[in-house]
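Asks: Below, each chain spelled out in residue letters.
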Amino acid sequence: MISTSEHTTSMELSFPSELGFEVIARDAVAAFARRMGLAADRVEDLKTALSEACINAIEHGNSLSPGTRVAVVCHCDAERLLVEVHDQGLQSYTPKGDPLSISDKLAGLGPLRGMGLMLIAQLTDESGYRSDGEAGNCFWLAYFRQPVVGCR
Amino acid sequence: MSNDTSRPGAEEKIIELRLPSKLGYERVAMDTASSLAKRMGFDNDRVESLKTAISEAVTNAIEHGNQQDAAMKVVVLLTARDDELIISVADQGRKQLDADCTTRNPHIEDAMVNADKGGWGIWLIRELMDEVEFTTAPSGGNQVRMVIHLEQ
Amino acid sequence: MMLEDELTVSVRERDGIAIIDLIGDVTTFAEEKINTAYRDVTNRGARFVLLNFRQNDYINSAGIAILIGIVTEVNRNNQKLAVSGLSQHFQKIFRMVGLAQYAEIYQDEEEAVQSFKTQAAAA
Numbered sequence: 380m381i382s383t384s385e386h387t388t389s390m391e392l393s394f395p396s397e398l399g400f401e402v403i404a405r406d407a408v409a410a411f412a413r414r415m416g417l418a419a420d421r422v423e424d425l426k427t428a429l430s431e432a433c434i435n436a437i438e439h440g441n442s443l444s445p446g447t448r449v450a451v452v453c454h455c456d457a458e459r460l461l462v463e464v465h466d467q468g469l470q471s472y473t474p475k476g477d478p479l480s481i482s483d484k485l486a487g488l489g490p491l492r493g494m495g496l497m498l499i500a501q502l503t504d505e506s507g508y509r510s511d512g513e514a515g516n517c518f519w520l521a522y523f524r525q526p527v528v529g530c531r
Numbered sequence: 180m181s182n183d184t185s186r187p188g189a190e191e192k193i194i195e196l197r198l199p200s201k202l203g204y205e206r207v208a209m210d211t212a213s214s215l216a217k218r219m220g221f222d223n224d225r226v227e228s229l230k231t232a233i234s235e236a237v238t239n240a241i242e243h244g245n246q247q248d249a250a251m252k253v254v255v256l257l258t259a260r261d262d263e264l265i266i267s268v269a270d271q272g273r274k275q276l277d278a279d280c281t282t283r284n285p286h287i288e289d290a291m292v293n294a295d296k297g298g299w300g301i302w303l304i305r306e307l308m309d310e311v312e313f314t315t316a317p318s319g320g321n322q323v324r325m326v327i328h329l330e331q
Numbered sequence: 000m001m002l003e004d005e006l007t008v009s010v011r012e013r014d015g016i017a018i019i020d021l022i023g024d025v026t027t028f029a030e031e032k033i034n035t036a037y038r039d040v041t042n043r044g045a046r047f048v049l050l051n052f053r054q055n056d057y058i059n060s061a062g063i064a065i066l067i068g069i070v071t072e073v074n075r076n077n078q079k080l081a082v083s084g085l086s087q088h089f090q091k092i093f094r095m096v097g098l099a100q101y102a103e104i105y106q107d108e109e110e111a112v113q114s115f116k117t118q119a120a121a122a
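Residue numbers (our numbering), protein chains in the order written: chain A, 380 to 531; chain B, 180 to 331; chain C, 0 to 122.
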């Protein structure tokens with residue numbers, strides 16, 4: 380997905396798969412994003428999107444299983460900042476089409492939880508999911524470093 | 180995930196951070212450690228001391244140990260225990276740390292007459308942390324292990 | 000790479016005191032900005048120099064070395080130096096390093112300016 384060249388700056392973080400540690404991941408990645416010059420409001424968006432992705436990894440991908448870990452890998456090149464959240468894939472993610480909006484949920488069309496993926500989609504420039512097979516699930520969040528016409 | 184058999188029952192949580200060897204990225208380590216330490220219950224004064232100590236350790240690893248080669252990594256391990264936080268900072272050892280600079284006590288009167296006004300980093304680490312130990316990492320790099328106790 | 004600008008340095012005068020505002024991080028990247036500001040006020044004949052720190056939650060040993068350089072120049076040029084606006088933590092660090100022997104530490108700009116004015120009147 381990304382060609383890692385000498386112009387790419389990377390950072391990795393891993394932490395125990397337990398609720399609460401996503402707060403520390405947020406602070407670590409926010410500091411990295413600020414260094415890469417991401418605008419302050421986009422850093423706030425990233426923090427929220429990242430927390431949701433980490434919580435998904437902890438609760439679903441790693442099924443709250445003791446001893447598992449979550450890894451966050453950040454790459455930044457001239458065009459964009461890419462943040463990947465990896466779990467150990469105890470449970471694999473099955474895409475269920477477009478996430479439901481809050482009005483759909485309030486209308487009883489789906490569970491009240493599960494707003495995370497919608498938040499991730501709305502608070503990033505691009506985001507997506509890929510399966511790393513045995514290695515687990517990966518949700519990725521991307522932010523463009525220069526405004527791209529027609530793409531906010 | 181305790182790997183310390185001498186302390187049965189002592190639970191520890193490990194956060195691992197791998198940073199590029201570029202000045203400025205010590206901020207990521209500072210913000211990550213600060214976030215963890217606050218959650219562990221350290222008071223503000225201790226958190227500030229920790230931030231300064233970790234910034235000096237990571238800056239040393241970037242500038243000296245890894246000679247600012249951005250492709251080389253600085254590895255920061257934050258081990259949270261019930262009563263203390265252990266911070267280990269390791270570089271890839273392009274340059275070994277001189278043994279005497281780990282014990283030097285600089286004086287401002289000397290700094291004012293010497294061309295070199297620096298040399299305060301390691302001294303600050305020793306002043307601000309409860310335990311400090313300089314070792315060689317298994318990989319051959321320089322490693323500093325710092326401990327800060329949580330007073331209940 | 001468009002890194003965030005770590006430090007903004009600006010110079011102003013108040014009641015005959017040269018105030019150097021330092022907003023942001025004081026690290027190795029600060030050297031040229033701080034030295035330029037200091038030379039600027041010195042060339043304009045400043046006798047009283049105040050380093051007014053703001054929003055700086057990061058001063059490291061490289062930054063301390065730059066400030067020791069300023070103290071050295073201040074002594075050579077027979078000026079008076081004070082600092083204000085430091086957090087409790089960095090006030091502690093300044094005392095540990097010994098910088099407090101060469102620069103009076105004040106809580107804020109107002110306190111530093113009043114003290115300088117008293118010293119100027121007594122001189």
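No lab work stands behind these hints, which were simulated from the structure alone.
Don't take every hint at face value.
With a straight-line Cα cutoff of 27 angstroms, these simulated DSS-like cross-link-like pairs (lysine-lysine) come out [stated by the list, open to error]:
#	chain 1	residue 1	chain 2	residue 2
1	B	Lys217	A	Lys426
2	C	Lys116	C	Lys79
3	B	Lys274	A	Lys426
4	B	Lys217	B	Lys192
5	B	Lys217	C	Lys116
6	A	Lys426	B	Lys201
7	C	Lys32	B	Lys201
None of the values given here were measured: they were computed from a predicted structure.
Asks: A separate judgement is required for each hint: does it hold in the structure or not?
Replies: Here is how each hint holds up against the structure:
Among the hinted pairs, B:Lys217 with A:Lys426 is consistent with the structure: their alpha-carbon atoms are about 18 angstroms apart, no more than 27 angstroms. Of the supplied pair hints, the one linking C:Lys116 and C:Lys79 holds, its CA atoms being roughly 12 angstroms apart against a limit of 27 angstroms. Among the hinted pairs, B:Lys274 with A:Lys426 is inconsistent with the structure: their alpha-carbon atoms are about 36 angstroms apart, more than 27 angstroms. For the given pair, B:Lys217 sits about 15 angstroms from B:Lys192 by alpha-carbon distance, which is consistent with the 27 angstroms threshold.
Using a Cα cut-off of 27 angstroms, the hinted pair B:Lys217 and C:Lys116 is violated, with the two alpha carbons roughly 41 angstroms apart. A threshold of 27 angstroms between alpha carbons decides the hint, and for A:Lys426 with B:Lys201 the separation of about 23 angstroms falls inside it, so the pair holds. Among the hinted pairs, C:Lys32 with B:Lys201 is consistent with the structure: their alpha-carbon atoms are about 20 angstroms apart, no more than 27 angstroms.
Consistency note: the structure conflicts with the earlier hints numbered 3 and 5.
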